[in-house]
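There are 4 protein chains.
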Amino acid sequence: MSDLIELRDRMRAFTDERDWAQFHDPKSLLLALVGEVGELAELFQWVPADQAIERAASDPLRRRAAEELADVLAYLVRLADVLDIDLAEVTRAKLADSAQRFPAGDVRGEAPDKAL
Amino acid sequence: MSDLIELRDRMRAFTDERDWAQFHDPKSLLLALVGEVGELAELFQWVPADQAIERAASDPLRRRAAEELADVLAYLVRLADVLDIDLAEVTRAKLADSAQRFPAGDVRGEAPDKAL
Amino acid sequence: MSDLIELRDRMRAFTDERDWAQFHDPKSLLLALVGEVGELAELFQWVPADQAIERAASDPLRRRAAEELADVLAYLVRLADVLDIDLAEVTRAKLADSAQRFPAGDVRGEAPDKAL
Amino acid sequence: MSDLIELRDRMRAFTDERDWAQFHDPKSLLLALVGEVGELAELFQWVPADQAIERAASDPLRRRAAEELADVLAYLVRLADVLDIDLAEVTRAKLADSAQRFPAGDVRGEAPDKAL
Chain A
1 MSDLIELRDR MRAFTDERDW AQFHDPKSLL LALVGEVGEL AELFQWVPAD
51 QAIERAASDP LRRRAAEELA DVLAYLVRLA DVLDIDLAEV TRAKLADSAQ
101 RFPAGDVRGE APDKAL
Chain B
1 MSDLIELRDR MRAFTDERDW AQFHDPKSLL LALVGEVGEL AELFQWVPAD
51 QAIERAASDP LRRRAAEELA DVLAYLVRLA DVLDIDLAEV TRAKLADSAQ
101 RFPAGDVRGE APDKAL
Chain C
1 MSDLIELRDR MRAFTDERDW AQFHDPKSLL LALVGEVGEL AELFQWVPAD
51 QAIERAASDP LRRRAAEELA DVLAYLVRLA DVLDIDLAEV TRAKLADSAQ
101 RFPAGDVRGE APDKAL
Chain D
1 MSDLIELRDR MRAFTDERDW AQFHDPKSLL LALVGEVGEL AELFQWVPAD
51 QAIERAASDP LRRRAAEELA DVLAYLVRLA DVLDIDLAEV TRAKLADSAQ
101 RFPAGDVRGE APDKAL
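Residue numbers (full-length UniProt numbering), protein chains in the order written: chain A, 1 to 116; chain B, 1 to 116; chain C, 1 to 116; chain D, 1 to 116.
Rather than coming from a laboratory, the hints here were simulated on the basis of the structure. Hints are supplied without guarantee of correctness; some may be wrong.
Unchecked claim - Some chain D residues near chain B, calculated using beta-carbon distances under 7 Å:
(1) Ala32
(2) Gly38
(3) Trp46
(4) Gln100
(5) Phe102
(6) Val107
Stated by the list, open to error - FRET-style restraints, in silico, Cβ to Cβ:
(7) B:Asp59 - C:Pro112: 17 to 27 Å
(8) C:Arg108 - B:Asp97: 43 to 53 Å
(9) C:Ala21 - A:Glu54: 16 to 26 Å
(10) B:Asp106 - D:Asp9: 38 to 48 Å
(11) A:Ser58 - D:Asp16: 51 to 61 Å
Note that beta-carbon positions come from the ideal geometry of N, C-alpha and C, so glycine has one too.
Just chain A, with the same shape it has in the complex (with noise of 0.2 Å):
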């Protein structure tokens, strides 16, 4: 089974179990993505750019690191399913799109404004 289904049936359980869906409209579900965005932002703020890889290898900043990533996906999955897109499907149309976009021996190893 697909995971990104999987976690949208599991946030869809957790959600329903606690009654929380009516605080869960679009812009709420946003804040709270901002929210953990700023967590995950928090704990590499100041680590030099060339040592965060290797400090993010082991704890602590790992097990903070994969936390933070998680709250991230979860309210992404979240605001997804209330909007009733499909997340998985939507990402593989926008690579391809991407892929079209930027051709890969016209950019090659320079950093466009925007790449995706």
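Fit chains B, C and D to the supplied structure of chain A, relying on the hints for placement.
Below, chains B, C and D alone, put in the same frame as chain A:
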């Protein structure tokens, strides 16, 4: 196949074909993620809270929301990849943990300060 | 004296006294700013949109919102300082520009996609 | 005159002339703030950390960074206004508080998890 693994592999191939891995340190990917969350936020900022789902049910908001959700997921998947974190696995673990921290009987119908 | 200049000077002294300028490259300050915006977002995420002003009129939300607004401004001021940008001056210029791009007679009562 | 008060008054007039106060509830302004922070993040996302200041010293990055910093400040000032919070005053208070929580002698040269 897991769709998060599939998207990880697609993002990895997309990146390698363009020689863009050099730009994908964690802090840079975090800023890219923030950029996409910002674009998603802009789509909904002036929509009245109680009309957001309805407006997002049809174009142009539906198409644009889908694209930005996709971009957020793409960078999230890529960030987890460079950190060598299994996004599906850690999200399952985090949801199990949240289910224990917030017993349905205790929090039913009440918005917690932090749910995840 | 301009309060933005005063805050800039205070942040500069605070930073120098702790030898923290070494951590304050623009991308790191941006992530710190994102972290504070995230904390602000979390305060309001589950508050119904039409009750937000009323709830923020008294503690504890009032005090916490004030603290997070302060943190966002502090990092914004610090980021502008390391970029050697006069925050008050560029904001005045941007507002003058926005006033021209959005003539009151044309956009009255209609939410633009992007106002600033 | 305080520049934060001046900017608050300008934003208030800009909003009233366009009858846009109806869109400016706190959660909507927060999403607008997130949108502008996202645009700022996008400007720096692929710039190597140690080249960010140098690149932002000249156009086009200088001009664009100034505009986005201005937009972030404008929405921050507007959000504080609708919450009836004196941004300069609370920021002064928060910095005084941070100076006490992080005595220079204790934290010199070490990046704290959270400085503000």
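Mind listing which of the numbered hints don't hold for this structure, in increasing order?
4, 5, 6
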